[in-house]
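Chain by chain, the residues:
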Amino acid sequence: MKKKAITALLLAVMLTGTLAGCGNNSQEQKQEETGQTQEEGAQAEAGTESEDGKGTGDVVDIEMWTTNTGYLPVEKDSVTYNFYKDLLGVGITQPYVEWNGGQTYYEQLNLRIAAGEMPDVVQLVNGIETDLILEGAVMDLTDLLPEYAPHLWETVPEETWNVMRSYDPTGEGRIYMTPCMNDYTRHAGMIRQDWLDAVNMEMPTTQEEFVEVLRAFKTQDPNGNGQADEIPTGGRAEARWMDHLFAMYGIAMWEGYPQWDLYDGELTYSAVTPNMRDALQFISDLYAEGLLDVETLMNDKAAWDGKVNSDQVGVFFQWAEQSYMYAANIKNAVGVEADWSVLPAISAEGYEAFITKKPTVGRQFVVKKTDDMEKVKACLKALDAYGDPDLQDTLYMGPEGMHCTRDESGNLIKLPEDKTIQEVQIIKPIDCMSNLESTIHTLELTSTPEDAWAIDKAIVNAQEAQNYGKRIAGDGIPSSIYDNYDDIENRILYVECASKIISGEWPIEKFDEFVEKWYATGGTEVTAAAREWYQSTQK
Amino acid sequence: MIKISWKDRLFTGTITVLLILMAFVALIPLISEISISFSSKAASDRNIVNLWPVEFTLESWKYMLTKGNIWRAFGLTVLSTLIGTFLALLITSLMAYPLSKKNFPAAKYVMLYVVFTMIFKAPMVPYFLTLKGIGLYNNFWVLVFPHILTAYNLIIMRSFFKQFPDEVEEAAQIDGCGKFRMLFQIVLPSSKAVLATLGLFYAVPMWNQYQHPMMFIQDVKLYPLQMKIRQIINGGGDLQAIAAVRHVNYTEATLSAAAVVIAIVPILIVYPWLQKFFAKGAMLGSVKG
Chain A
1 MKKKAITALL LAVMLTGTLA GCGNNSQEQK QEETGQTQEE GAQAEAGTES EDGKGTGDVV
61 DIEMWTTNTG YLPVEKDSVT YNFYKDLLGV GITQPYVEWN GGQTYYEQLN LRIAAGEMPD
121 VVQLVNGIET DLILEGAVMD LTDLLPEYAP HLWETVPEET WNVMRSYDPT GEGRIYMTPC
181 MNDYTRHAGM IRQDWLDAVN MEMPTTQEEF VEVLRAFKTQ DPNGNGQADE IPTGGRAEAR
241 WMDHLFAMYG IAMWEGYPQW DLYDGELTYS AVTPNMRDAL QFISDLYAEG LLDVETLMND
301 KAAWDGKVNS DQVGVFFQWA EQSYMYAANI KNAVGVEADW SVLPAISAEG YEAFITKKPT
361 VGRQFVVKKT DDMEKVKACL KALDAYGDPD LQDTLYMGPE GMHCTRDESG NLIKLPEDKT
421 IQEVQIIKPI DCMSNLESTI HTLELTSTPE DAWAIDKAIV NAQEAQNYGK RIAGDGIPSS
481 IYDNYDDIEN RILYVECASK IISGEWPIEK FDEFVEKWYA TGGTEVTAAA REWYQSTQK
Chain B
1 MIKISWKDRL FTGTITVLLI LMAFVALIPL ISEISISFSS KAASDRNIVN LWPVEFTLES
61 WKYMLTKGNI WRAFGLTVLS TLIGTFLALL ITSLMAYPLS KKNFPAAKYV MLYVVFTMIF
121 KAPMVPYFLT LKGIGLYNNF WVLVFPHILT AYNLIIMRSF FKQFPDEVEE AAQIDGCGKF
181 RMLFQIVLPS SKAVLATLGL FYAVPMWNQY QHPMMFIQDV KLYPLQMKIR QIINGGGDLQ
241 AIAAVRHVNY TEATLSAAAV VIAIVPILIV YPWLQKFFAK GAMLGSVKG
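Line by line, the protein sequences give chains A and B. Heads up, the first sequence is in the working numbering, so the first residue is 1 and it goes up one at a time. Heads up, the second sequence is in the working numbering, so the first residue is 1 and it goes up one at a time.
Treat the hints loosely; a few may be bogus.
[Said to hold, decoys possible] Below, simulated DMTMM-like cross-link-like pairs (lysine to aspartate or glutamate); rule was C-alpha separation at most 20 Å, straight line:
#, chain 1, residue 1, chain 2, residue 2
1, B, 62, A, 417
2, A, 500, A, 295
3, A, 331, B, 252
Hints were generated in silico from the structure; no laboratory data involved.
Modelling step: build the complete structure from the supplied sequences, incorporating the hints.
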């Protein structure tokens, strides 16, 4: 009898063993697949395989974490690994780390750091750098940059390096991080010129004219489909992406995030200025009249982009350079060649309108502290690529056959994204070391005969947007001013106030209560910290 | 024979109609997702898809099923769910059975130990370091081992075993039945209800696991289904950059919709098979504490 029980147990154990075997199979499969990648890598450059983690010959391998929105990871000896190895002489790998608005990336990074396995180069999120610097986990780059990253050192202006120095939490003014810079006015209100033509109106230059145009868009069926489906203008939840309306009142605003600028000669959070009160009143009136998308306060990116892309929206706020994408999508959806043009910055009475320009977007990378100078040099070589103008095109294009291909005349052309086969492009200067020139150049590189009509217009738009930008005084302000005041940093009170006033739930008088409450719950301290920082940059 | 009054009929009728309506309401989101997954980019952008596909296309499905390397992840998830559920039931019954016995004096203390883990969860970083330390980082088994015993399920099974009639076990014992044989040949075969219920309780979270593997699996080739789906439909959120125009007939919304269907249909299929046990079993644990 006992035999049977033992047999049953043995069976269970055997079954487990078999299943474990299946697990091993998947391991083997994994190795097979890696083998394939290695072969591909070898095709890209013959005879560069190595057994150890150090790479072949002089090539040092580094692990670099950047934003990846769903592309494949870069493993050792993969196509992209070899691409960087040939181009820069550094082997760069990057595991797949989900970005998820920075949140998942942040958690994963923390876990890796806790496990004592910080990647060699880290893109910064959520103010993680302060602790890293204070704990001595990252390299002091002050003396290393001029020697090992000369291009980057030269490209970034002295004033921006000074901003980086102002981020040193020890107060000694050392440089621990490299900056992210977009030295041009990137945003603009965009208006459908073809809709203006359809309703026989000129480009508006005053606020009254602007509102008249919106009314015409709503009532005169400019998209000509016979339905009253036009949305004159709008934005996204949390009163975001409608900066063109706030801009009329001289409000420093960045994609819906209120910014710091000089009001009455003092650095002030733009959300608590009288300008904001008037702007909210104006926007609320537009909402009440049905000139603002009725779902404005609920739209996420997909929903709002969907409306723009389906030929329903007349005016919206975007990066001027992105207008081709929306134009192409509209053509794809309804066959109309939409003419997105830059809406001038229109001043409301008594105010001077501008579009916020923030050349110093913030800090970008830190390098892990190590005694291995070869490693440090390799990290800096990778970072130096961001400042080397000769490499920009090649880096943007990425590995041939994966991110770009050659046309009949032998010119490289960019391939559309396909996250199922493309590895992530780790070093992309266009993301965080760009100016108008490089942006236009990138647009030209992206152009194909099929999309040229839209891209040419985007280039015009990018140039025209420069007319309305103003660099705000709070450019480069460190997030440390919000330390201990997360609610203010997360705009909790502001979003509630703006949303409720726009939707008409609150009367405009509530705005004054909001300002009082904002100052009372930490706004005073944050403002003091912001002004202190501003003073320090004025020296 | 009992006569059914018209009042009872009315009552039953109303309940039936209400339940059918509610079932339909519960189905609406799924139907809507299915419709979106078969709709064109333009229709999805215009947000005009409700309960029927608009401008029918198979593009999203083609993309999800052929390009996303989804089958490997699907296989891994099926495998880990099957192995995991089997091991979970085995381990849980092996532990619950002795704990249900009155003549096992240590049971009280072991139970305390079990309940303790229900109340005090391990903090994330030490948990991560421990599992990493025993080699469960980037390892298929991290999809299985951490989930094969949960205190809640153990308590349910223990309660179930407690009400198992002692007489049956005594009879078996008199016939010379040993402890293991008692469990595997006498007790478990009469416990299908609780096994099915707990099997489902274990299987569904294992099938759906996302946060947990996210911490422990960085190798894309070991991604379980939910993470793979997330990777495929992972838009950059607000992130944008100059890129070549894509002339495709799907959007993130249609792909997400297809992904949702892929992710939930297999587990939906399992439900009806287990339902007859499930309805019984879910109540069973609660009868006696």
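Status of the hints after comparison with the structure:
1. About 17 Å separates the Cα atoms of residue 62 of chain B and residue 417 of chain A, which keeps this hinted pair within 20 Å; it holds.
2. At most 20 Å may separate the alpha-carbon atoms for a hinted pair to count; residue 500 of chain A and residue 295 of chain A meet this at roughly 13 Å.
3. Between residue 331 of chain A and residue 252 of chain B the alpha-carbon distance is near 18 Å, which keeps this suggested pair within the 20 Å criterion.
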